[in-house]
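Q: Please construct the entire structure, taking both the sequences and the accompanying hints into account.
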Amino acid sequence: KQEVTQIPAALSVPEGENLVLNCSFTDSAIYNLQWFRQDPGKGLTSLLLIQSSQREQTSGRLNASLDKSSGRSTLYIAASQPGDSATYLCAPTGNQFYFGTGTSLTVIP
Amino acid sequence: SQTIHQWPATLVQPVGSPLSLECTVEGTSNPNLYWYRQAAGRGLQLLFYSVGIGQISSEVPQNLSASRPQDRQFILSSKKLLLSDSGFYLCALNLGTSGSNEQFFGPGTRLTVL
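Residue numbers (this note's numbering), protein chains in the order written: chain Z, 626 to 734; chain E, 2 to 115.
Because the hints were derived from the structure by calculation, they are not lab data.
Mixed in with the good hints, there may be bad ones.
Said to hold, decoys possible - Pairwise CB distance ranges, derived in the manner of DEER restraints:
no. : chain 1 : residue 1 : chain 2 : residue 2 : range
1   : Z       : GLY685    : E       : THR113    : 17 to 27 Å
2   : E       : PRO70     : Z       : ASN643    : 41 to 51 Å
3   : E       : GLN46     : Z       : TYR656    : 16 to 26 Å
4   : Z       : SER678    : E       : LEU84     : 42 to 52 Å
5   : E       : ILE54     : Z       : TYR656    : 23 to 33 Å
6   : Z       : GLY685    : E       : PRO108    : 29 to 39 Å
7   : E       : LEU115    : Z       : SER653    : 37 to 47 Å
8   : Z       : GLU640    : E       : PRO15     : 37 to 47 Å
In this text, a Cβ means the ideal position worked out from N, Cα and C, and glycines have one as well.
A: Pasting the structure below:
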């Protein structure tokens, strides 16, 4: 069974900082890896999808990288804003979907 | 693009009462559909998934059941709720490899069992 770990569990940064969220997984036999954002009491919003053959994906201030062989992915957020405050989850996908427990991010104005 | 609706948004039920949560999908056909539960302070737990009408796979044995009576409808049910059934229930879909296997989520249903 896939084990997914996200570090740190919580992060608080001042506005404007660049930050990195980490995701590690035990089974490298994945089709892709997806990063989600979850606001309190809401569903998950897809941020980025990296196919297993890709190394990274970018969307605006977000950049996600994937090193499948070592079972790692990072989500880089540039110039953080208070609106980025949320929980971020990674989900490596093989025959099933597995999720990390997330990193709770607070960006302080 | 696809849209996922979940009903109701919130629900408070007594222990032992029945449950029916509905998930409907628009903008796509023949999706793979999923029910997840997110308990307070915990990650997402996959409960059921369905690759087609009438096809249900259960990931966790429990007092919940799922049904897919129509292509774009997925229902989560229970005959008798337990306190431990409280949580945030999320419906999700993906279109399989033809849709890059990307997963999309509905807005969720907050269930509180008292």
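Q: All hints, please: hold or fail.
A: Each hint, compared with the structure:
1. Against the hinted window of 17 to 27 Å, the Cβ-Cβ separation of Z:GLY685 and E:THR113 comes to about 36 Å, which falls outside the hint.
2. Separation of E:PRO70 from Z:ASN643 is about 49 Å and conforms to the stated range, judged on CB atoms against 41 to 51 Å.
3. Restraint check, E:GLN46 to Z:TYR656: a C-beta distance of roughly 21 Å satisfies the suggested window 16 to 26 Å.
4. Between Z:SER678 and E:LEU84 the beta carbons are some 45 Å apart, a value that agrees with the proposed interval 42 to 52 Å.
5. Range check, E:ILE54 to Z:TYR656: Cβ separation about 24 Å, and the 23 to 33 Å hint holds.
6. Roughly 23 Å separates the CB atoms of Z:GLY685 and E:PRO108, a value that falls outside the hinted 29 to 39 Å.
7. In this structure the hint that E:LEU115 and Z:SER653 lie 37 to 47 Å apart at CB holds, the actual value being about 44 Å.
8. A hinted range of 37 to 47 Å holds for the C-beta pair Z:GLU640 and E:PRO15, which are about 45 Å apart.
The structure fails hints 1 and 6 (numbered hints given earlier, in ascending order).
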